[in-house]
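Student: If you want the building blocks of each chain, they are given just below.
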Amino acid sequence: MPMISSPHIHNGDSIRLTMLTVVLALLPATAAAVYLFGWLAFLSISTAVFSCVLTEALCLHWMGRSTHAALDGSAALTGLLLALTLPASLPWWMVVLGSVFAIVLGKQVYGGLGYNLFNPALAARVILLISFPLNMTTWLVPMSAAAVPLDLYDFQLCLAFFLHGPEVLGQTLDAVTMASPLGHVKTEWTRGVGVQEALASYHYSYLNAFLGSEAGSMGETSALALLIGGIYLLARHTITWHIPFSYLATVLLLAAVFNALDPSHFAPPMFHLLAGGLILCAFFMATDPVSSPVTPAGQLVFGVGCGVLTWCIRSFGGYPEGAMFAVVLMNCAVPLIDHYCRPRVYGHGADE
Amino acid sequence: MPALLKQLSRKLGMMPFGFHGGVELDQRKLTGAMAIEDCSLSPVLILPMKQHIGEACTPLVHVGDYVKRGQKIARAEGYVAAPVHASASGKVVKIEEHRIAHPSGMGLPCIFIEPDGDNTSETLEPWPDWAERDPGELRERIRMCGLVGLGGAVFPTFIKLVRDRRNAVETVILNGIECEPYLTTDHRMMLEHADEIVAGLAIIRHMVAAREVVIAVEDNKPDAVEMMRKAVVAANIDDVRVAVLPTRYPQGSEKQLIQAVTGREVPAGKLPVHIGVLCQNVATVQAVYHAVCHGRALTERVVTVSGEALPRPGNLRIRFGTPVRFVLAERGLEDPGNVQIIHGGPMMGERLRNLEVPVVKATNGLLAIDEQQMSSMQTSEQPCIRCGHCSEVCPVMLVPNLLADHCRNDEFARAEDYQLFDCIECGCCSYVCPSTIPLVHYFRYGKGQLAQIRRSEAFAEESRLRSEAREKRLEREKQAKAARRSRVRETHVSDGPEHVDAAGKETS
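For the protein sequence lines, the chains are A and B, in the order given. 735 is the number of the first residue of the first sequence in this note's numbering; add one for each residue after it. 8 is the number of the first residue of the second sequence in this note's numbering; add one for each residue after it.
Pulled out of the complex, with its shape left as it was, chain A reads as follows (with noise of 0.2 Å):
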């Protein structure tokens, strides 16, 4: 039916363009993963992806919706930004588990694209976390080329892990995985070793931790490679500067602050930069338009609202890591953020 209303012109942007937009954004991140994690982040990545995108088509289907939407670009964006956020380690039926959970509870259960609480990826991650918390924190160690037992760059090694879990290597993972920073710190904590002492122990540097080559999720290790996208994002309008600068604003300087009156609790705020799904929470997590709020002001207390409980989380919590929690959070209040942060209306409360 065609409108008869006006405007009778539009500007060509779409759902999948915009979809299209974040993916091509996230390439850089991708390249990194399957660069420092080999064949296994390939084997994830992929997997994932193609699960959502099949779980996404099942669902429209019974819901007797068109199975031509599963292909709008979201399903498959929602694939690969959760397989970037798990360890290179897990086997495939916990990544399929995962993405069966992001496009069915995190998604459609609600109503499918543009009516979900929780970002897709997240909601399925914390599910992930909460269910297989062993799994979920083991770390490989990045680029472990020709290492024993387990060889990345390997393709048969890597599909035969990744199909029978750490079985078929004969011995145990140990010698291939390391802990993550931010959890180091906190394991270190609890034993009463400070965050300077830690740190200096973990031979913790800030420039791998730029670059990727510290332990953790596949596509959070390096921030380099996720600046370049989000940047991409910020130069193509997809995605505002309120969330990313408000996020990573709030964290720093709460870091900043606590670090100075205590550092040997309290982290250095370059160090929470650096650690952790910060960076990709900030701008390819948080920004997800559909869990989070329209309005400028709104993004504005939404990003503040992400910095305190990620900064919360992490220095006090029992989760060494809290971007995602926070996130997800924060996605619970959105609502209520849009109802209060709403713009003033021209002409209303004007300066006259």
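Bear in mind the hints are in silico, worked out from the structure with no lab data behind them. One or more hints might be untrue.
Said to hold, decoys possible - Label pairs and their calculated CB-CB ranges:
1) Phe-979(A) with Ala-138(B): 52 to 62 Å
2) Ala-983(A) with Gly-112(B): 49 to 59 Å
3) His-1082(A) with Pro-253(B): 22 to 32 Å
4) Ala-476(B) with Arg-1078(A): 37 to 47 Å
5) Ile-244(B) with Pro-1069(A): 53 to 63 Å
6) His-1073(A) with Asp-33(B): 32 to 42 Å
7) His-971(A) with Glu-139(B): 53 to 63 Å
8) His-1082(A) with Asp-171(B): 23 to 33 Å
9) His-971(A) with Asp-230(B): 26 to 36 Å
10) Phe-784(A) with Met-113(B): 53 to 63 Å
Claimed, not checked - A few chain A residues that don't get close to chain B, going by computed Cβ distances all over 10 Å:
11) Tyr-887
12) Gly-904
13) Ile-962
14) Leu-968
15) Leu-987
16) Met-1004
Stated by the list, open to error - If you only want the chain B side, here are some residues facing chain A, beta carbon under 8 Å, derived:
17) Gln-389
18) Pro-441
19) Pro-445
From the three backbone atoms N, C-alpha and C, an ideal C-beta is built for every residue, glycine too.
We have chain A already, so just place chain B on it with the hints.
Tutor: Structure of chain B alone, referenced to chain A:
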């Protein structure tokens, strides 16, 4: 803080004021370099009895009457109204309902004139000495000539041209923005009739006693800026400046233009005059000049006839009442077929379903566009992904996606809370929506429903008051009756003894 910086930079003259949001549009001004031509006379002219905002007019002529061009053929009813004049000499052939360009597709009573081609016209006395005349007199002249805002809003012009001590006009703004794609009528008008426009401005300024005049033109029309500057110098009048504004839609919208030029907002529910500003469109100002200096009533206007699907686009001076089909045929489009015809601009205009509708005072453009080019037709509405682009571009700072939700769900109280009635229907939100949601359509629906609800509420309230008044009256009458009765009885009682006495005497 950014607001402070903005204000500071504006104070220092580093930045024009601008307005919130808006979009940059592909200009598609195909006819910018084409001089204004006269459209030939249609064999029949159809003049609707309402071509303005306000009450419809009453016909003054009968079938068979001979009318001259410029003769008043319909009387304005009420204050907010403009009379209709014959746009050619000829015979009135019928007076009946006919389709007009209106989204409802409804008709209006129209006077049909068959022109005789003689072009005998009737004008009022020319007043080249307007400067010595009383503003009230000039105002009456403008009212009699049927002038309305020719930018598209068609609000009767004389109403705005008032000298009021409480709301003195300080600044007169000439709206030469013409921000809709395709349209070039104001552009051509400024190029070809700059002197008349400046003369019109002088008349308006005399009428409202304004301190300054600002001629606002977007920077996509440098030649018009040049012409207007020259005309101002030639006319040798003070305190008139030409403001060149960066091209951005919808800058031509009155409230946005005022914000862009003065940096001030028109308070909600108020008129520009309440902050001392008067806006007039280029074509309206020229019509003011003609009405005052030549005594000419409004019987024609310049219309941009354009669009990629039109063989010979151009800027045509068209008599009111000319059927759209006739105009298109004159420019080579005999059979529209798959071509869509838009009345007005592509952002705010209306798609015509019937080409027999006449050109009226509100017609600033007639566009012929291929269906393929209208992307809004190809994609259906998809779920909102809350990207927020709509709020970014909204010039009145609404939150269109939430507002549309409320309208769609018939939650009109909420929609009103989200300031539905402040929407100017500029279409920016729909233009940028990646889900191609027809937001403006929902807003129109919501406004219509709310107006309906208010009407029925007002009716119910009126009925209630009436029935209450009736009950009170009945009660009053009852009490009055009772009071009268008791008074009668009292007089009876007070008179009683005498009566009794008398009676007693009588009886005894």
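Student: Evaluate each hint against the coordinates.
Tutor: We went through each hint and held it up to the structure:
For Phe-979(A) paired with Ala-138(B), a C-beta distance near 58 Å keeps the hint of 52 to 62 Å intact. Taking 49 to 59 Å as the suggested C-beta distance range, the pair Ala-983(A) and Gly-112(B) conforms, at roughly 54 Å. Distance hint check for His-1082(A) and Pro-253(B): the Cβ-Cβ separation is about 26 Å, which falls inside the suggested range of 22 to 32 Å. Judged by the Cβ atoms, the range 37 to 47 Å given for Ala-476(B) and Arg-1078(A) holds: they are separated by roughly 43 Å.
Under the hint 53 to 63 Å, the C-beta atoms of Ile-244(B) and Pro-1069(A), about 57 Å apart, fit the expected range. Checking the proposed 32 to 42 Å range against His-1073(A) and Asp-33(B) shows it holds: the Cβ atoms sit about 36 Å from each other. Range check, His-971(A) to Glu-139(B): about 57 Å between beta-carbon atoms, so the 53 to 63 Å window is met. For the hinted restraint 23 to 33 Å between His-1082(A) and Asp-171(B), the CB-CB distance of approximately 24 Å keeps it satisfied.
Judged by the Cβ atoms, the range 26 to 36 Å given for His-971(A) and Asp-230(B) holds: they are separated by roughly 32 Å. Range check, Phe-784(A) to Met-113(B): about 55 Å between beta-carbon atoms, so the 53 to 63 Å window is met. The non-interface label for Tyr-887(A) is consistent with chain B: the shortest C-beta to C-beta separation is roughly 38 Å, beyond 10 Å. A cut-off of 10 Å between C-beta atoms confirms that Gly-904(A) is not in contact with chain B; the least separation is 48 Å.
Remark: the non-interface label on Ile-962(A) is consistent with the geometry, its nearest Cβ contact in chain B lying 22 Å away (cut-off 10 Å). Its beta-carbon lying about 14 Å from the closest one in chain B, Leu-968(A) satisfies the requirement of being farther than 10 Å from that chain. With a least CB separation of 16 Å from chain B, Leu-987(A) remains clear of the 10 Å interface cut-off, as annotated. Every beta carbon of chain B lies more than 10 Å from that of Met-1004(A), the smallest distance being close to 26 Å; the non-interface claim holds.
A cut of 8 Å between beta carbons decides the hint on Gln-389(B): the least distance to chain A is about 6 Å, and the hint holds. Restraint check, Pro-441(B) versus chain A: the minimum CB separation of about 4 Å is within 8 Å; hint holds. Interface restraint check for Pro-445(B): the shortest CB-CB distance to chain A comes to about 5 Å, inside 8 Å, so the restraint holds.
When each numbered hint is compared with the structure, no violation occurs for any of them.
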